[in-house]
Amino acid sequence: MSAIQSSSVPPGAQEYGGDEISALVLDPGYSSVRAGFAGEDIPKSVIPSYYGTVDTPDSSEVKYVFGDNSIHTPLPNLQIHNPISKDGTVEDWDTATKLWEYAITSRLTNFKASNPATNGLNDPAEKNVEAEIEAAGEGEKPLEDNPLLMTETGWNSGKARERSIEVAMESWGCPAFWLARNGVCTSFAAGKASALVVDVGASNISITPVHDGLILKKGVMRSPLAGNFVSQQLRILFSTSNPPIPLTPHYVVTSKTPVDAGAPAIATYRQFTTPPHDSFRRLEEERVLQEFKESVVQVWQGPGRLNSGQQGTTNEEVVKSWPGRPFEMPDGWNQVFGGERFRVSEGMWDAKMALTDAENPAPSQSQTIPALIQASLGAVDVDIRPHLLANVVITGGTSLLYGFTDRLNSELTQMFPGPRVRLSAPGNTAERRFASWIGGSILGSLGAFHQMWVSKKEYDEHGAGIVEKRCK
Amino acid sequence: MTSADVRDMLDLPQDGQPRAPPAKKQKTVEKRPEGITRELFALLGERAPPVAISDHVKYKGRPKWTHKTQRWEMAPFTNPARIDGLVLHHWQKKIDPKPVPITTPGETSGSSGENQETKPPSTDSSYYFAKYNVSVTVPEYTDSEYEASLQHEDWTKEETDYLIDLCKEYGLRWVVIADRYDYQPPPRVEQVDGTPTAVATAPKTRTMEVLKARYYGVARRMMEIRTPVPSMAKAEFELYEKMKFDASLEATRKDMAKALLSRTTSDLQEEEILLTELRRILNTQDKLLEDRKELYARLESPQSTGAHSRMYDTSQGLNQLIQMLAASDRGKKRKSIPGLNGSIDMGSSPAMGSSGQNINTGSFMSVKDTSRDSLGGPSGSVKKGAAAALPERRKLTAQEERVYGVSHHDRLTSGVQFRNDRVLKLVQAKSNIQAQRVQSALAQLEIPAKLVMPTARVCAEYERLVQNIHVLLDIRKVCEKVESEIKVLQAQKEERERRERQERGEPEPEREPREESAKGGIEGTESAEGGRGPAGQVKEEKEEEPNTSIDGKDAVGSGSTATTAATAAATRPGSGGGHKRSASVMSAVSEKSSKRQKK
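Protein sequences appear in the order of chains A and B.
Going by UniProt numbering, the first sequence opens with residue 1, and the numbers climb by one from there.
Going by UniProt numbering, the second sequence opens with residue 1, and the numbers climb by one from there.
If you're looking for bench data, these hints aren't it; they were derived computationally from the structure.
A few of these clues could be false.
[Unchecked claim] Computed cross-link-like contacts, DSSO-like style, restricted to lysine-lysine with a CA-CA straight-line distance of at most 27 Å:
1) Lys98/A to Lys63/A
2) Lys192/A to Lys168/B
3) Lys168/B to Lys469/A
4) Lys472/A to Lys131/B
5) Lys168/B to Lys472/A
6) Lys457/A to Lys168/B
7) Lys456/A to Lys64/B
8) Lys204/B to Lys472/A
Construct the complete structure from the given sequences, taking the supplied hints into account.
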């Protein structure tokens, strides 16, 4: 009887050490912002980091659009931006604040419902009710009841950290705040206090050694050869192939007819009187490329590299003989992709194999994943290296590329034949993509963590600098 | 059981009778229940539906909750581990307001409700997780203490303070401390062109070993100052001892760890191979020692007296047993047991059991092979074969051969023999009386019947000794015979002379000279008659090497038997010795006399 957890009986504090205080966890990234309540297993609110602005000619005010539903609508003059810079830190704080606020308030909290007797709704409808509600909500802040746990990259600057506590305390009125490194959170999500976190996101690959819940700053390594790099490789592949592969986003196609593989598309295209901005088209192209990455692109899983191999044949020739994978563009153009689907991801491992064009020079070998891991391990104490290698945690959306973990395993065992290499990569895609949020959710719901929050009182006393002192 | 019974069981008609047609089914017309149409009822057929159709359905009744529903509330709480009194809220069971005590008429009932409204957050230190707020203790020192005893040429007080703070902050996690250590020394004020200018000093890069050495140095020094070493408690002293830190040793260890980590695949493979080899050697060594122990145990075990194994006591018996076992082995057509096919069985002791001995024989061979010189057994032949196969093998010098116990044989008998067996056989070979005599002779020489240390040389000597004893015994026998003959002949002669004298009527002459000549004469005839007997041989030897050699063992050559015998006789005290000597002396005398006679 006691084995079945009843919903009316809370788990014993000794059993899981949790104590939920309805804290919020916010995990911003380059491609998406994850937000939710601490103690839940998946973020309730996942919105893209991209946002749109629509210039209205008649007023000077700029209209912002957030969220998946709005930014993919081809509004006239719609421009797409991203408040996060290419290195994963916040660039545009004002919009980032708005974006995060949207992520939190659209799904999670809202302004407190005031007493129905006084909120005016039940009064005889004489006055302008709407105006009154607005006035009532004026002085309120969205997160007055919820402590906020935010994640940041391992290389976040001190100024950015201070800015984030200012946003939380001043703009949102949080009673308590904490800034956690996303590497630490990821290792917590994998149930480890010490781990080597390999985060392959959209804009950055980052390697973070974590020891006892603290990152080792000297060992944090990063490079831009992540999801966006693979997209860029795809663009180069499409433009250099003969004939060039057309990349048409969904929104311009109104109808299409089936064509043979490789044949030009027969489709009717949408005409715009005032088309959206080019940045919108680029975003939509990225969506098509993401679909392509999810369904076609593969990583050569090893052993060896794509251009190495046994008995005179390279692995590249081997994969060319494998059956290809078909892909159909939104306009109906379709093709079966053979060996080139391995080629586009090889640049992450072997800089020499990266596709290049005029604007995109080849990356350096030190930016590849194996080199990063080697550099990261070289920067930490030798005693913990074997332990870190036995606890490699993989996270990030791009790590879901087919064959990625196999390849990483083969590269690591080749690089370190002595110590035992063990990867921890959750098979569940949500867990892989949201690992840092999940770790934050675990951390924020722990009873023992509540002594660590930076409270509003402390912030008022010490100012924004307290975040540097407390959140190590 | 008859066929009728079977038929009965299978429900078949008895012999010859045709099967009775099955009884016709009675068509029963069931009454159609109310509420079912005729068509539907017809579809049901004769079989009743599997589920009973009933019109009163019973649902599960509403559960009866005896207890009141638990009320939960979003209650505020403070954490005593915090100093700022942050109030957080969590869901907890609502504690029912205490039953209102019997109120005095003066009190208003509203007061209790008011109290509940303004109830402050539970500030008691009952928050479960507050106990996890732990921190490490780091050494503390005052400025004067630092000045007095913690000076270090490489460290300023500020930097030491910074290090101690870092240690406290990161709970002595050295990996993190070394990672985050970033001490910015305060700018020095220097006089540049007469004006004081702040010059930033470059921060030192400090390794983890240096940091540890400094920290533990400070900690040890402070422990010493707080409590002198002799008056430390045991735990304290242990901690004090533990804090001895050797930075260079640690650095060396880390270098080695680094080297260990950066091994290549080939290094690893080599190491693996070496480890396997080592493991194999250790395993076989254990087995070897075990086998040797077992062999010794068998050799030392008392002679079995059971009639069952007595027949295998001798080497012939053992050979027979081996042949038997080999034959049975062949008969079984199973994988032959090593050691049996070559009819090699060194390990079979008289006490061996019928089972289990086969497995050990091979290993006995391997053990004994090296330490034991061959006794005409197959181990010798194996060696010879090996030597033939490897002609370039080093030739051993004579001394080395002796040391290693190598011996060469023209011909080798098959089978294995124990030296003790051979020695015993030497003694027992002749008739019972003879054997007793030999044994008594050995007893006189104080040589045990069973040799204590039967090495090859001892055995050889022993064999020679026993042969000599045999020879001597033969001589003694002949001698006794001759003596008795002499007596008889003398008696006859005396008788005859007496008769002649009586015939001549002469008186009794002097006895001595005549007797000697007579003796010689008799001896001469004897030797002439028996040809060259053993006595003669002895004599020849005597003339070549006249009665000098005392150490019989040093005597060499084919004719050494006599010498040995003589020596044995010479060294032996007692009547036997006298007897022997008399024999040889007598023969020598007789020889002389015979020569004299010839002349």
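Hint by hint, where does the structure go against what was stated? Just the numbers, ascending.
7
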